[in-house]
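Participant: The listed protein sequences correspond, in order, to chains A and B. Counting with numbering that gives the first Met the number 0, you get residues 0 to 180 for the letters of the first sequence. Counting with numbering that gives the first Met the number 0, you get residues 0 to 626 for the letters of the second sequence.
Each hint should be verified, as a subset may be incorrect.
Straight-line Cα separation of at most 35 Å, DSBU-like style, residue types lysine-lysine; simulated pairs [what the hints assert, rightly or not]:
| no. | chain 1 | residue 1 | chain 2 | residue 2 |
| --- | --- | --- | --- | --- |
| 1 | B | K313 | A | K129 |
| 2 | B | K134 | A | K35 |
| 3 | B | K350 | B | K384 |
| 4 | B | K313 | A | K166 |
| 5 | B | K134 | A | K163 |
| 6 | B | K168 | A | K41 |
| 7 | A | K35 | B | K586 |
Short, incomplete list of chain B residues facing chain A, as computed with Cβ under 8 Å [claimed, not checked]:
| no. | residue |
| --- | --- |
| 8 | Q221 |
| 9 | R319 |
| 10 | G382 |
| 11 | V420 |
| 12 | A545 |
| 13 | M604 |
| 14 | M612 |
Simulated from the structure, these hints should not be mistaken for lab results. All values derive from a computational prediction rather than experimental measurement. Beta carbons: idealized from backbone N, C-alpha and C, even for Gly.
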Amino acid sequence: MVADILTCNFFELFDVPVAYELDFDQVQQRYRDLQKIVHPDKFVNASDQDKRLSMQQTSRINEAFNTLRQPVDRAIYLLKLKGVDTVQENSTTMDAAFLMEQIEMREALSEIHSAEDPLAELDRFSAQIKTSMQGLMQNFSECYAQEKLEKAQELIKKMQFMQKAGKEVNELSAKIEDELY
Amino acid sequence: MALLQISEPGQTAEPHQRRLAVGIDLGTTNSLVATVRSAEALTLADESGRHLLPSVVRYGVDAIEVGEAAIEHAVNDPSNTIVSVKRLMGRAAEDLISLGKSSPYTFSASDSSVPKIHTRSGDVSAVEVSAEILKTLKARAEATLGDELIGAVITVPAYFDDAQRQATKDAARLAGLNVLRLLNEPTAAAVAYGLASGQEGIIAIYDLGGGTFDISILRLRQGVFEVLATGGDSALGGDDFDHAIAEWILQQAGYEAVPGASLVRLLMREARSAKEQLATTESVDIAIETDDLKWQGALTQSQMRELIEPLINKTIIACRRALRDADVTAEEVLEVVMVGGSTRTQVVREKVGAFFKREPLVSIDPDKVVAVGAALQADVLAGNKPDDEMLLLDVIPLSLAIETMGGLAEKIVYRNTPIPVAKAQEFTTYKDGQTAMAVHVVQGERELVEDCRSLARFELRGFPPHVAGAARIRVTYQVDADGLLTVSAREVTSGVEASVDVKPSYGLTDSEIETMLRDSMDNASDDMHLRMLREQQVEAERVVEALDAALQTDGEQLLSAAERSNIDQARQQLVEVSAGDDSDAIKTAIKQVEGACEDYVARRMNSNIRNAMQGHSVDEYAGKDQE
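So here's chain B without its partners, still in its complex pose (with noise of 0.2 Å):
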């Protein structure tokens, strides 16, 4: 079938042949696409030579335009034009609401939980305008690499919630992204440093974004980057100065009404430039003329430091809190990187410095160093440097909890536990002859439930009547390397189960994903069958192509006569199916096969961990085996 001679970047090509991937900064204020090439990470740039592209996106009359294109109409167009989404990913109407009084956007009710925003072109949410920023960095890529991608690493605020991560993640799928990881960016800022420097020890990243804080504390040793703790808001960054100063401007102005969203909008970039400017001059004049204002007057350094002090000093209450959870002192941290736009800042690298007792390292370029970290670590994930010792250990940055009677919030995972991770605890019931139960699963550190984030609600039904106290449901959480959660519950007596992945609070679901790719697609319902076929069919190749691989290492050695003559047949299925058209059919062969393989792909696992740490008992570990 011709389908299969389609030659796949990456799924043919020669072993020595680099697979093409990218990694991306989806930021606030702006965004970046980076990737490795000729051993050095480099963001791209677009056709006229920039690299940063405002994430910026409107809704025009006739096209989406994303970026430059779009930050024009920024103050006459408010309402289609959407700034700074990145604050309003994986959030509740209610939050948005909370979110401020200058929000320039209506939004509309919609059946789903997710909120939208009304625009000419009709109701968008927080993902889809985030996927455009995506496809636009993606486009960019492709025409600058000449080929497809296989796969992306984005990386998220560490500070992200799980909705928050769900609704990036989904975002990318939208953007037709492979999402290799989402990386945390302190994270990602520590591997483009840590590699630069090849320093071993203890170090603070302090990311201070356009809309989010972060603070990690990393040990480095041996190609291994360690989270220690991580801390930080989701919601404070360089928009908050902004607004203070556009707040300042409104007071000095003697302006009491509430203003307009266009006002808003030159305000707020006004303050900014103002802002930029006082990093490196003493005073800044400023005038404002339209129909509703007109002012003018002078920002000095020290009126600047007094109005975005506040906020500041909430970013070292922070990083003095992460020290602590990482049991570690400031004087032993060996240095304190500084990335985002908003450390450009006089004020913050005084304060940082202070807190620390170092001067911050700015050296490099700290709009460009989560991109260039991501395009790094994206390069090891796609296979391209196979021997490669770097290795990221990430933590959870938010308690996962469950609630237990009168709204207590009761922590299953605790916050900076390293991921992946999974906890089962054992709750039971409260009342004679029940045979449900109702799990709500929220994040957060706080005692009661109401003051955490609320991420999922499912039940547990259909297993037998116990006397209160009698049954026994145990509830697991998994949180896999991407830092999203999976729970499942069962009632251990009866093997009563059920389980969710945590998203549809905030989230979207499944099926509305699919009809927005359907959406965008033109052939709609063909193109997303042949899409899920080929989807099937590479899988397949892979599931045989590693199989024979392991079978020719050892196979002889692992298995039984029995289960090789099955594992073939599950085997040689799987190669008849894949070569028709029928993707349930694939799915189904390729899970007999897992099935077939199962106690095998175990032992071959615990037979690898024995060869690599032979190496080891030798030298590092002698003597310690006769235990």
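Okay, chain A solo, but in the shape it has when bound (with noise of 0.2 Å):
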């Protein structure tokens, strides 16, 4: 059954379980269908009041497409579900051993330009990245199937860290780029 694209939750939308593991090609699947029914193209020689429509249901079904995809949106959806709202919630602490973990590879990234080949050490950072990033969202997954949404949240700080670091990663790696060209 599917509920009203407007008011309906993103799982509900993508007609998906709610919770962080996810079928992505079930997603894209009913993301290319819904799409098929409701975007402005199939609504051109429409009136203008089926043109609003359909295009605030399309604004929305990206907007839900968007949050699914993307790992730490989804997390954070998925608190928000619970009423957990984590972009105001400051409070929760870091540990240590995370932070210092931090701290280190920033300083390494400052350093890069001084590398012998600093594109394939940036590679190396993102590859690591990429691995912590995964660890976090098992560990996330794990926590907020068993309702334990404090270390959830905690692990989404975390997570945003380490996207925060792959941004990074990439502009480095631009402008590195941009040198050499």
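Grab the two chains, each in its own frame, and use the hints to assemble them into the complex.
Facilitator: Below, the structure written as structure tokens:
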């Protein structure tokens, strides 16, 4: 049963169980199927009212798709469904070991310019971040399933750190590429 | 009333009759128009058999000339002959000054923020010049197809920002074209290739035109063309190759003065011809003979390579970024498609081939492929293929942001987000008792507002005073399927609202367009009035027709008796009013029908989705419904 596109939650919209683990193939399939029905291209000759509704619904499907496919956004959204607002909540504390790791990584990144092959070094960082991220995702999935929401929030913070680090690595790569050409 | 009997194409047509729609590639150097006939998309030729219309407009003594007729005057009448106008679209006066020393035009100071080029027939904006090109193509299509067009899909570089897109849409409106959709050029090319090959997987479209460069990464699956990422440079193209060669000639000739407009045009023409010849030969002789400059010499492949390599390298960096944004590797890319006249240059093909590690595809004429893809999309959008599975899902090329304290650009919609998209964010006041807030909308990737493109400014005024940080201002960015932005702001506690269609910064205001439309008609106000009335009547017919069809299918199931009688009443009112000649009254009556139908429309849409999905839940989604 399909609920109202504009009001149902993103998991219902994509007809998948409310859980962190996601059958992404199914989400993509559903995304295409939904778009084939509601996309504005299907309403080019319709009334203005239908056009507006189509734009609203497509916007929501896109928002849902973007949220579900991004690991951090998906986690935040899941907690939000439980009434926990991660963005506002700044009280969670980080464990010291994790923070140390982060600091070390930032330091290494700041010195990357002088490395022999900085791009290869950055690729290595990327891979490392990916692995850490997968571990955090796995942990989050378990915590969420067991309703350990406080721990889940802490994991989101860590994921956000990792995501930010990943972004920095990408930006650094882009900068070094620019210099090379 | 007689007016109602006028047969509008498409409106009264038999269901199986084709609705005429075209795809238009409005290019920097050349423009084309294409349409689907007998299941095949073909570009249309002029009476001399030429498909490419040079994007050149000359404001002559007696008439406006477009295309080949204008190009002949590019050298001898440079200030009245406008070439590469696409590079000026959606640009502010400051941008144009930085565009280059070699511009032959005189820009006039104008009241509006839109820069105007001074010509012998008065001051013209880039939008008006582009409209002349579009009018020529529209006339060509209507002459060839023998009837009026119901609409057109017009292509734009994927990397065009909001102002550039809006300017293109304004030009179409000015040319009297109904825009079915603004379509990104690489996406159009993907359609032309994808439908021809029927392949599924990830493809890259490398589109280097006369003045713009785009790279798009798409996933093709089950008739859906999903753009994963796009990148580029809306001011980099074959023109820049010509420019580099022209500079080289000047350098070789030891010419140190600032060249005049005529000489620049001549050099650009020679440079372009040399570049084109070098696509097939190793070396080409160049001879320049003017009062100003006499020079003879040869340009070799390897010399040209040296001149243009830095420019091509810039495109390769953009390719690398687009892959990263799409989260795919070069190895995962199934095909690389070459689009745009500038990909005929050997060095370009080599470099792109080396980067993607595969031979780029050039099987469809790179000049025509975009127009062909646009025509295929136009045919679908016009409703000629109701059962077609094809759907294009595009993204926004550049992030949309808002100015926050300290001149920082806070991103609200990130680049490569699928469109349409709506995103809301809450902001607050920073002073006690503040009752107004300025909203500055910008586009770009940089952190500082001054490094981004300013799109619009507006103010939200008159909300009740709060202590600093207590007011809640919700700003919503809505991007439609054409990639165009509307911004609204609302103070949540009081409900005070303001909104703006993003355009006035560099675009034309609605009243400017109306004035232009009026000027272009003989019997100004009467025609204008009739046209508006006719437009409203057509819309009214459309609303009634759609409503009747809907009521017949599911009015019984979805509406209560009271709702039904409400709708019937509004419908009756609309039918009566649209027989008259008051266009405002018709507009109001349409609004009333829409109001009465609001819930019904939403219920219908949901029930449609339910029906369409039911087929799936039986097989693909089985067992997931108990959640």
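Participant: Now look at each hint and say whether the structure bears it out.
Facilitator: Checked hints:
For the proposed pair B/K313 and A/K129, the alpha carbon gap of about 29 Å is at most 35 Å, so the pair holds. Among the hinted pairs, B/K134 with A/K35 is consistent with the structure: their alpha-carbon atoms are about 33 Å apart, no more than 35 Å. Using a Cα cut-off of 35 Å, the hinted pair B/K350 and B/K384 is violated, with the two alpha carbons roughly 39 Å apart. Taking the CA atoms of B/K313 and A/K166, the gap is about 22 Å. The hint holds against a cut of 35 Å.
Our distance criterion of 35 Å between C-alpha atoms is broken by B/K134 and A/K163, whose separation comes to about 50 Å. For the hint linking B/K168 to A/K41, the alpha-carbon distance of about 20 Å falls within 35 Å, and the restraint holds. Our distance criterion of 35 Å between C-alpha atoms is met by A/K35 and B/K586, whose separation comes to about 31 Å. Because the smallest distance between the Cβ of B/Q221 and any Cβ of chain A comes to about 6 Å, under 8 Å, the interface hint for this residue holds.
At about 6 Å, the closest approach between the beta carbon of B/R319 and any beta carbon in chain A falls short of 8 Å, and the interface hint on this residue holds. Because the smallest distance between the Cβ of B/G382 and any Cβ of chain A comes to about 5 Å, under 8 Å, the interface hint for this residue holds. Restraint check, B/V420 versus chain A: the minimum CB separation of about 5 Å is within 8 Å; hint holds. Residue-level restraint check for B/A545 holds (minimum Cβ-Cβ distance to chain A is 5 Å; threshold 8 Å).
About 6 Å separates the beta-carbon of B/M604 from the nearest beta-carbon of chain A, less than 8 Å, and the hint is met. With its C-beta approaching chain A no nearer than about 5 Å, B/M612 sits inside the 8 Å limit, and its interface hint holds.
Violated hints, listed in ascending order, are 3 and 5; each of the other numbered hints is respected by the structure.
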